[in-house]
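Student: Keeping their order, the protein sequence lines are chains V and C. Under the working numbering, the first sequence has 194 at position 194, and the numbering climbs by one with no breaks. Under the working numbering, the second sequence has 29 at position 29, and the numbering climbs by one with no breaks.
Think of the hints as simulated: they come from the structure by calculation, not from any bench. Note that this is a predicted model, so its numbers are computed, not measured. Don't be surprised by glycine CBs; every beta carbon is placed ideally from N, CA and C. Among the hints, a few may not be true.
[Claimed, not checked] Reference listing, derived: stretches of chain C covered by chain V, where coverage requires no fewer than 3 residues with Cβ under 8 Å from a Cβ of chain V: (1) 321–329; (2) 344–355; (3) 456–470.
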Amino acid sequence: MKLMLRHALVVLAAAVLTAGSALALDNLKFMIGANPGGGYDQTGRGLGKAMVEAGAARSVQFENKGGAGGTIGLAQFVNSAKGDGNSMIVVGAVMVGAIVQNKPPMTLAQATPIARLFYEYNVFVVPAASPIKTMKDVVDMLKKDPGAVKWGGGSRGSVDHISVAQIAKSAGVDPTKINYVPFQGGGEASAAILGGHVTVGTSGWNEMAQFVKSGKMRAIAVTAGTRLSEIAVPTLKEQGINVEIGNWRGVYGAPGITDVQKKALIDAVIAATKQKSWNDALASNDWFPALLTGDDFAKFVDADHKRIEESMRAVGLIK
Amino acid sequence: MIDTWNLLLGGFATALQPMNLMWAFIGCALGTAIGVLPGIGPALTVAMLLPVTAKVDPAGALIMLCGVYYGAAYGGSTTSILMNTPGESSSIMTALEGNAMAKNGRAGPALATAAIGSFIAGTIGVILLTLFAPLVADLALKFGPAEFFSLMVLAFVTVSSVLGASMLRGMVSLAMGLAIGLVGMDSIAGIPRYTAGVPELIDGIEFVLVAVGLFAVGEALYSVLYDPKGEDATRNKLTSIMMTKEDWKRSWPAWLRGTAIGFPFGSVPAGGAEIPTFLSYSAERKLSKYPKEFSGEGGKGAIEGVAGPEAANNATAAGALVPLLTLGIPTSATAAILIAAFQNYNIQPGPLLFQTSGPLVWGLIASLYVGNVMLLVLNLPLVGLWARLLTIPKPQLYAGILVFASIGVYGMRQSAFDLVLMYVIGVIGVIMRRFDFPVAPVIVGMILGPMSEKQLRNALSIAQGDWLIFFKQPIAGTFMVATIAVMFVPILLRKRGVRLSEDD
Chain V
1 MKLMLRHALV VLAAAVLTAG SALALDNLKF MIGANPGGGY DQTGRGLGKA MVEAGAARSV
61 QFENKGGAGG TIGLAQFVNS AKGDGNSMIV VGAVMVGAIV QNKPPMTLAQ ATPIARLFYE
121 YNVFVVPAAS PIKTMKDVVD MLKKDPGAVK WGGGSRGSVD HISVAQIAKS AGVDPTKINY
181 VPFQGGGEAS AAILGGHVTV GTSGWNEMAQ FVKSGKMRAI AVTAGTRLSE IAVPTLKEQG
241 INVEIGNWRG VYGAPGITDV QKKALIDAVI AATKQKSWND ALASNDWFPA LLTGDDFAKF
301 VDADHKRIEE SMRAVGLIK
Chain C
1 MIDTWNLLLG GFATALQPMN LMWAFIGCAL GTAIGVLPGI GPALTVAMLL PVTAKVDPAG
61 ALIMLCGVYY GAAYGGSTTS ILMNTPGESS SIMTALEGNA MAKNGRAGPA LATAAIGSFI
121 AGTIGVILLT LFAPLVADLA LKFGPAEFFS LMVLAFVTVS SVLGASMLRG MVSLAMGLAI
181 GLVGMDSIAG IPRYTAGVPE LIDGIEFVLV AVGLFAVGEA LYSVLYDPKG EDATRNKLTS
241 IMMTKEDWKR SWPAWLRGTA IGFPFGSVPA GGAEIPTFLS YSAERKLSKY PKEFSGEGGK
301 GAIEGVAGPE AANNATAAGA LVPLLTLGIP TSATAAILIA AFQNYNIQPG PLLFQTSGPL
361 VWGLIASLYV GNVMLLVLNL PLVGLWARLL TIPKPQLYAG ILVFASIGVY GMRQSAFDLV
421 LMYVIGVIGV IMRRFDFPVA PVIVGMILGP MSEKQLRNAL SIAQGDWLIF FKQPIAGTFM
481 VATIAVMFVP ILLRKRGVRL SEDD
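Let the hints inform the model, and build the full structure from the sequences given.
Tutor: Here's what the structure looks like:
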């Protein structure tokens, strides 16, 4: 019986493996530096699915390793995938922020830049029962007693955290006094917001949209520079708070891969972004496409690293 | 209520279609198999099977994936009982009593009570899910960091019952577990701790690795070193396969208590599957009329200690589906991957799910009833077969366990470092056995330590540094009062001359 079961497992695995077409990357492994259910997770799984559909990869596998802004996943990726042309890690502004603040031993400089995929904007939400109606209400509370506003979001140093600090600064409140509560992964943060354990929550619009649409949460501001036609929520700027911040995501390859392997990964990603399922994913998640590959992407990440470092220093998150 | 009934009947019409029955069977069989193998968990398996969503219709695929999820909770107990090698972290408590029973020739009843208890807990869990899902979900959201931390404190205190005969030795083991849990990157601030510059340790040490090292490798090496001729031959004795009337009588209440503990804790976000099994084991130990039979007291293994935690484990699996289906919030890694499976069909689990995809969800819920029956039918006949494994002579059996453990741990992330670490921990396990230190508290400490640290820091941040938060909020306060009661009531009773059965 046991043998039979194992046999069944092998047959199924084989069926899965042969699902793709020829000329493709073999079993492509995605490292996702966040617990399942959040934006990183959706990005990796959406891209992986599109790569299989495009015939650019025979099959894809995902590994979730959450915590510390994705740097725990990055450390494992840099350690275990060295030279493996069939591995990628989902990266983004959140991870860069965590690297700037925590200075982990493993950074993106050790991995190989492949492509930036899209931007998304954060939304600030309150539970439906909250008396808070606008961001101005929150800012008034913040001015009265900075510690009284409990902000829930992703890990320290994330876009979520920086945006909160910038709001405080623009309101004339000392950003080092804010009460920021970091959660691991979008699922845990949404639960804490729905349960009313924090005053205001912030996360990517796509993670919060379902709760806003069903009336369980109320959206009070988005972080885009101008009003988005897709999202009927006022921007921070419209509410007199001069803060604009976006969260980009992309993918990196393993350290020490050859130029040929790097090009194969870039081509596979480009092929995937032309798939209908990927474009459907962009539309349904309100991700704004922004494809940038290889060396241009590397330059962008360097610039973003500096920008985040500066804004963190400005708001007192690092010395 | 009538509506629910009609919707459920509609669901059964979907679930009982021959194709869907087949998918449920494949899922259950696969789930049982991977539950048995240490190192391969349901999360990984469900993730590997995700691509089938491209070929199979939504009902069939989701029914199969849920079967895997459920089946793994059934299968995890088998190796715990037979080989003292927990297949999943949630079957560690099962190993304590289950393996003691197996060593005394009662592997059959231990496996049977695990299988039947899983069936009963799973079925009650699904009934609760059917009737009360939205209500339970609202309650579950009341759990924030303060509530979680109070729950951890209660778990820490009740866990003293797994510490074994000597409190001091138990505490040393627990402290070891807490220390091991600190290794790796701090999940709140992202600073590496106690990694000694070894990059592999930045990820922390997996508790499956430590569990397999301490339990399986430790036991096998100990037997080679201190009992080379297998003179302690009781292991190979098989006295009974079936549960006796007495076994049934003692299992029933444990199954129900396990379910009552497991279901609610499964439904709270960030609860995890292990803590309910700890609490259930502690409860059985405290309430049992036969405390001397528990392995910690040097007994031959108490059946309640298998029945309760196994029921709790399966009820947790059902409970985890509550926030998944009603809110779209995953409470375990497997649940999160199930969400991805839904999304592959452009179905978003969450508040709107029952409106947008009602028939599919009810089909899925109905399939859970079917799956539970299937797993019982699949697992009960295997009991006799599994139990006969123990008649294999010791040298071969232990060699097999070592091979099994090595493959499982290497398979987790194909790391030779992990393999070496497992054997180092195995040697520590031998030393602990030699000097009578219990090994279970190490795992308990490893699991509870990092979780409670994270929740404590977030709770204090929310409360702006006010430590009284744990008493001011009703749910957290209740846990704290319960904790204090657990600590002091026995002492007070003893002073007044009332004796608990434990002291007889």
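Student: What are the numbers of the hints that this structure violates, sorted from low to high?
Tutor: When the structure is compared with the hints, none of them turns out to be violated.
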